[in-house]
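Hey, can you piece these two chains together into the complex? The hints should help.
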Amino acid sequence: MDDLYREVIIDRYKNPRMRGELNPHDYSYHDDNPLCGDEIQIDLRVDDENRVTEATFTGHGCAISMASADLLVESIVGKDLDQIKALSKEDILELLGIELGPVRLKCALLSLKVLKAGVYGLETLEEELH
Amino acid sequence: MESGPTTNTLDVLRIRGDFPILRRETRPGVPLVYLDNAATSQKPIQVIEAMDTYYRSYNSNVHRGIHTLSEEATRAYEEARRKIGEFIGAGSWQEIVFTRNATEAINLVAYSWGRSKLQSGERVLLTELEHHANIVPWQILADERGIELDFVPVLDDGTLDMQAFKQLLEREPKLVSFAHMSNVLGTINPVREMTELAHAAGALVLIDAAQSVPHMPVNVTDIDADFFAFSGHKMLGPTGIGVLYAKKALLQEMPPFMGGGDMIRRVELTGFVANEIPYKFEAGTPAIAEAIGFGFAVDYLNALGMDNVHAHEQELVAYAMDRLEEVPGLTLYGPTAEGRGGVTSFTLKEAHPHDVAQILDEYGVAVRAGHHCAMPIHERFGLPATTRASYYIYNTAEEVDQLILALYKVKEIFS
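First to last, the protein sequences are chains W and V.
All the letters of the first sequence, read from the start, carry residue numbers 1 to 130 under our numbering.
All the letters of the second sequence, read from the start, carry residue numbers 1 to 415 under our numbering.
It should be emphasised that the hints constitute simulated quantities derived from the structure, not laboratory data.
Take these hints with a grain of salt, some might be off.
Keeping only pairs whose Cα atoms sit at most 25 angstroms apart, straight-line, the calculated SDA-like set for lysine to any residue is [stated by the list, open to error]:
#1 174(V) <-> 120(V)
#2 83(V) <-> 306(V)
#3 106(W) <-> 27(V)
#4 248(V) <-> 74(V)
#5 349(V) <-> 35(W)
#6 14(W) <-> 408(V)
#7 409(V) <-> 7(W)
#8 247(V) <-> 116(V)
#9 106(W) <-> 375(V)
#10 349(V) <-> 34(W)
#11 411(V) <-> 90(W)
#12 409(V) <-> 100(W)
#13 409(V) <-> 97(W)
#14 349(V) <-> 27(W)
#15 106(W) <-> 364(V)
#16 113(W) <-> 25(W)
#17 248(V) <-> 261(V)
#18 409(V) <-> 99(W)
Everything numeric in this text was worked out from a predicted model, so none of it was measured.
Next comes chain V alone, as it looks inside the complex (with noise of 0.2 angstroms):
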């Protein structure tokens, strides 16, 4: 694409109007240049302005109070439940537990499902390519349990090794869990026909989609998916909330995650009835702000059109590996742009990846730098850490200058 203000799809400059934080600088004359959206993105004024209207205006408890504020409050927790299940494709509302993140999502799949279905000696099926909070709680299982885990290979390029995975389905797992989209790599996995594989396989299917929701359609119901876990905070809304999407009838058998109020229908003192999901696993007072903010989130989105969102993504991310690949020394890691999201690991031969990250701030560009909750990806290509640069909807080519400008600073810094 041709270096402008906009990419084809998003009116990026009308966008950038509603996030406050972009028209900041880092420091006196220096423009934030925000390119860490795969850790956190920021939030547009609808969203602030949305949790903030709660707290001033209708702020009590869901659930609980037959008081005017509290219905207003309920009907604002549960028509962002819905709203979310919609973005997503769910079935129905029933589907959409909160949680405070994808990570907290995955861990309920593990301790309920995982410590009542799994008997020592089954097998999860993971990949080389997840973050920590999909390895994690099964490593932890596993030593509590004695369940096995098996990883499917990544390959070279980044994408994972469809052959091993059809090898490693023969040795019969009960839950095959892997990310829609590499949070280092960019990768973006066959969901649909792993999930297809899986199933012919006998094994349940959870994914991780932290990184795939903020930023293309998804469709759960089209996937299949029996779990589906992301977070609320990469996709314009605020930290503290996510979601657990699962079949309803998983999660009907599912014991309770966590005890306390709002799960449950009674309790006695000899004993307690489960509430009724989702409910049954939302135990105390949920963030009820956040939810709503959430909620406001997925309007935005909606508005903006997935497809466009993910459109501009391939445009700008296409643009950027164009442009880092020109970079000497720099060295790009994951599949070609055609089948990866709107992130860029990478190493500069002269300077560690934390060194770069500085330099840049320097020029106003946010980067992570480190291993991204992901060290098994990085021990598998070599590597102790990589600088990402990751996308979203407010980026502009501009900004992809700025950051090769910037590289090109930390190559004089350390020629």
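One chain only, chain W, in its complex shape (with noise of 0.2 angstroms):
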């Protein structure tokens, strides 16, 4: 537990630092996961190199889920959209500095599974619009 519920983990669930909104966006994409009624949205905004210049996280759940949102909506800042591609679970654990049962690994990747989707989903639907 002294790993689980670290310092930095309570500290992002407390005072996240990349809560909000944005309007307008370039990308948005909100997925919940049923099983605990944990609810994130990601809103992205990026420049001509596809490059992610803002990017903000609403929604709530347990402390593993929201540091995981927080924790991840600000390591994309910068990123372009073949970089955020290729995240991994693993990423999002580093990020968080510690190990997960398959339960709360769930719990840790939904914001990831928000993430990706929203990219991949706007892209292809950009890609049938050309």
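Written as structure tokens, this is what we have:
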């Protein structure tokens, strides 16, 4: 528990740095984990080279899911969409600095799922429009 | 009650000796405090050994062989059915259909009775506090057959709105299906009164008794239930075995649920003749060891006496509610101790239910966090999730104290 509820996780849960909404935004996606009732929305603005200039998240959930969302959203500012697509489970665990069992892993990975769905979904849509 | 190893009604220390799992630690030096009984109960050695004995000494198929083993297995399987029937006050062993669990029992009614009896536009009345097992089968039927569903609302105190219930009965539902006890709020519904009202309105009644049969005396004949569903694993028995009780006349009219061996009297290439009840509804080789284990679980509960089981849990839940309400920032949901079974669901201001459960686990305390397969009732109270501690015959006041201590640790970590 001392591991799981590291200071950084409690701190990010109670004082998130990246909470908010972006209007207008270039990318926005919302999803939930009905099993635990967690919900996350991530908004992005990107520049001409598809590099993230601003990113925020809103939602509610457990400390693991909220801290993970805050750390993830902070880490993608300055990255381009290809780099975001390459993000993996290991990157999230590295940000959190903990090991997680299968049940809590879902909490930690919800934000990554939302981010990737948003990025892939809209790009596919753009391709269709071209 | 005073904090002590036993309540006034059960010798909990002796009972605990029958449950090998309660001697384990969840990590070095941290004994297990098992408070997730509404999800599944632990199993006494008598049940484990009964199943072991079947596999070691008379494992064989039932209702088929002429040999000694098959006769012994058939006798034990049918003896379990008889014991379970008596335990719930059924009029006949033929009214006890073995299923996998309460969920399958409810689905059996929806598929067999529902599909053959309900026409488009006809209504089924449910309540807001149902487990998904008593909502989704009817939603599937609504999609397939165009039946209409109504839901009895739940009041702020966690009890059903009986005034609304009476009004909804005026829509003349064909079936009223509801939980005997809520798996989230612990509310014990007035099943006898509700059944009487439903019958007066011309409806049949299905009772989801998954949370009640393990914890209190029930008598289906007294209640006058038409259908009655429960699971073995929540009442000291193994997983994979449950029961649908239904009145004989209904079972006789209902078409088979699944086809296969054991459920037929005769098969020709052009058709089949179904077996007698209850076998008509038991296609394929059943869960034999599990049924036998379930029978021993019922023996165990009978030896304790269900009145004593209920009194013990009432005492324990009253104590738990008092202690929980002392915790600052904790909100407890559901009715007063008198109107509930051994379930306490709550939220803590500082922390999400998942985090609460995770930290409680560090102190050996096993609880459930989430929506407990009952999303609509969480929606009703505007909650994404709750933490649920649920109690049984082997739980003690000291274990409640350990829960409270761990909750204060949660508050410390999140303060």
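To see whether the hints hold, each was checked on the structure:
1. Distance hint between residue 174(V) and residue 120(V) is fulfilled; the C-alpha atoms sit about 12 angstroms from each other, no more than 25 angstroms.
2. For the proposed pair residue 83(V) and residue 306(V), the alpha carbon gap of about 14 angstroms is at most 25 angstroms, so the pair holds.
3. Taken as a hint, the residue 106(W) and residue 27(V) pair is honoured in the structure, with Cα atoms around 24 angstroms apart against an allowance of 25 angstroms.
4. Among the hinted pairs, residue 248(V) with residue 74(V) is consistent with the structure: their alpha-carbon atoms are about 22 angstroms apart, no more than 25 angstroms.
5. The straight-line distance between the Cα atoms of residue 349(V) and residue 35(W) is roughly 20 angstroms, inside the 25 angstroms bound, and the hint therefore holds.
6. For the suggested pair residue 14(W) and residue 408(V), the alpha carbons sit about 18 angstroms apart, so the restraint of at most 25 angstroms is met.
7. As the CA atoms of residue 409(V) and residue 7(W) are separated by approximately 15 angstroms, the hinted pair is consistent with the 25 angstroms bound.
8. With a C-alpha separation of about 17 angstroms, the suggested pair residue 247(V) and residue 116(V) falls inside the 25 angstroms cut-off, and the hint holds.
9. Pair hint residue 106(W) plus residue 375(V) holds up; C-alpha atoms about 19 angstroms apart against a cutoff of 25 angstroms.
10. In summary, the hint linking residue 349(V) to residue 34(W) is supported, as the alpha carbons are separated by about 21 angstroms, within the 25 angstroms threshold.
11. The straight-line distance between the Cα atoms of residue 411(V) and residue 90(W) is roughly 30 angstroms, outside the 25 angstroms bound, and the hint therefore fails.
12. Pair hint residue 409(V) plus residue 100(W) holds up; C-alpha atoms about 21 angstroms apart against a cutoff of 25 angstroms.
13. Of the pairs offered as hints, the one joining residue 409(V) and residue 97(W) holds, with about 22 angstroms between alpha carbons and a cut-off of 25 angstroms not exceeded.
14. Straight-line distance between C-alpha atoms of residue 349(V) and residue 27(W) comes to about 33 angstroms, which puts the hinted pair past the 25 angstroms bound.
15. Distance restraint check for residue 106(W) and residue 364(V): the Cα-Cα separation of roughly 23 angstroms lies within the 25 angstroms cut-off, and the hinted pair is therefore satisfied.
16. About 19 angstroms separates the Cα atoms of residue 113(W) and residue 25(W), which keeps this hinted pair within 25 angstroms; it holds.
17. Between residue 248(V) and residue 261(V), the direct Cα distance comes to roughly 22 angstroms. Compliance with the 25 angstroms bound is thereby established for this hinted pair.
18. Among the hinted pairs, residue 409(V) with residue 99(W) is consistent with the structure: their alpha-carbon atoms are about 21 angstroms apart, no more than 25 angstroms.
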